[in-house]
Structure formats: C-alpha cells, structure tokens
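**Q** Sequence:
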Amino acid sequence: MRATHDIPSALGGCRGSERGIDISREFAKPWTDEIVRAADVVVTMGCGDACPVFPGKRYLDWTLDDPAGKTAADVRPIRDEIERGLRGLLDELGVPAQLRSGAGC
Numbered sequence: 293m294r295a296t297h298d299i300p301s302a303l304g305g306c307r308g309s310e311r312g313i314d315i316s317r318e319f320a321k322p323w324t325d326e327i328v329r330a331a332d333v334v335v336t337m338g339c340g341d342a343c344p345v346f347p348g349k350r351y352l353d354w355t356l357d358d359p360a361g362k363t364a365a366d367v368r369p370i371r372d373e374i375e376r377g378l379r380g381l382l383d384e385l386g387v388p389a390q391l392r393s394g395a396g397c
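Numbered by the numbering used here, the letters in the sequence shown go through residues 293 to 397 in order.
Errors might be hidden in some of the hints.
[To be verified] Using 20 Å as the maximum straight-line C-alpha spacing, the simulated SDA-like pairs for lysine to any residue come out as follows: (1) 349 x 362; (2) 349 x 384; (3) 349 x 326; (4) 349 x 361; (5) 349 x 316; (6) 321 x 355; (7) 362 x 351; (8) 321 x 374; (9) 362 x 327; (10) 349 x 322; (11) 321 x 378; (12) 321 x 366.
[Said to hold, decoys possible] Pair ranges (Cβ atoms, derived): (13) 320 x 372: 11 to 21 Å; (14) 366 x 325: 28 to 38 Å; (15) 332 x 363: 30 to 40 Å.
To be clear, the hints were calculated from the coordinates, so they are not data collected in a lab.
Built from N, CA and C at the ideal position, the CB exists for glycine as well.
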C-alpha cells in the first residue's frame with residue numbers, strides 16, 4: 293500500500309462526516325506481514341506491483357480515481373464507489389454492514 297499522503301488532504305477536506313465517520317486524523321498506513329496474513333481478503337486500490345503478495349490470500353484490486361487535490365464534491369463519487377464495493381464484499385462474506393449517517397462534509 294502506498295503510504296505517502298494523509299487521507300483528509302487527499303479527500304479535499306472531506307472528513308467523512310456525511311457517513312458519520314471522522315477521518316480527520318487518519319493517514320495511509322503501510323501493510324505489515326502480520327496484517328496481511330490475518331486478512332481473509334486483501335483489497336488494493338491502485339498500488340499494482342508495489343503491493344506485497346502472499347500465497348493463499350484472495351486479492352481484489354479496485355481501480356479508483358485518485359482523490360488527491362479534488363474537492364469534496366469530486367471525492368463523493370469515489371467514496372460512494374468504495375462503499376458499494378465494501379458492502380458487496382461484506383454481503384458476499386456474510387458480514388452485516390452498518391454505517392452511521394451524519395451531516396455534511
């Protein structure tokens with residue numbers, strides 16, 4: 293995973309409050325061997341060959357637009373695409389999805 297930027301800046305100031313999640317203090321974190329080994333599914337978002345591959349793990353690569361430098365309005369479709377992918381994956385894995393609603397971004 294590329295860990296080169298902080299998430300709020302990449303999201304054009306959107307703090308995720310529209311979904312009830314405060315990401316104002318979040319930043320991209322590199323994967324450790326321990327994290328990947330513990331995962332059932334590894335979802336990458338455009339890191340290509342830079343992401344480590346562990347045999348026996350299921351990998352999904354979601355091609356998304358880069359949110360860096362975009363306005364909150366331009367990031368919303370990217371956020372929504374990630375949400376759709378996550379909801380679909382959770383449904384496939386039999387895990388109930390729960391998202392909180394919030395106000396404005």
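**Q** Take the hints in turn and mark each one as holding or not.
**A** Cross-check of the supplied hints:
A C-alpha spacing of about 33 Å is found between residue 349 and residue 362, which places the hinted pair above 20 Å, so the restraint is violated. Straight-line distance between C-alpha atoms of residue 349 and residue 384 comes to about 16 Å, which keeps the hinted pair within the 20 Å bound. Between residue 349 and residue 326, the direct Cα distance comes to roughly 13 Å. Compliance with the 20 Å bound is thereby established for this hinted pair. As the CA atoms of residue 349 and residue 361 are separated by approximately 33 Å, the hinted pair breaks the 20 Å bound.
Simply put, residue 349 and residue 316 have alpha-carbon atoms about 31 Å apart, too far for the 20 Å limit, and the pair is violated. Distance hint between residue 321 and residue 355 is fulfilled; the C-alpha atoms sit about 19 Å from each other, no more than 20 Å. This hinted pair does not check out: residue 362 and residue 351 have alpha carbons roughly 28 Å apart, beyond 20 Å. Pair hint residue 321 plus residue 374 holds up; C-alpha atoms about 18 Å apart against a cutoff of 20 Å.
The suggested pairing of residue 362 with residue 327 is violated, with an alpha-carbon distance near 30 Å, which exceeds 20 Å. A C-alpha spacing of about 18 Å is found between residue 349 and residue 322, which places the hinted pair at or below 20 Å, so the restraint holds. As the CA atoms of residue 321 and residue 378 are separated by approximately 19 Å, the hinted pair is consistent with the 20 Å bound. Our distance criterion of 20 Å between C-alpha atoms is broken by residue 321 and residue 366, whose separation comes to about 24 Å.
Distance hint check: the CB atoms of residue 320 and residue 372 are about 20 Å apart, consistent with the given range 11 to 21 Å. Between residue 366 and residue 325 the beta carbon distance is about 35 Å. The supplied range of 28 to 38 Å therefore holds. Range check, residue 332 to residue 363: about 35 Å between beta-carbon atoms, so the 30 to 40 Å window is met.
When the structure is compared with the earlier hints, violations turn up for hints 1, 4, 5, 7, 9 and 12 and for no others.
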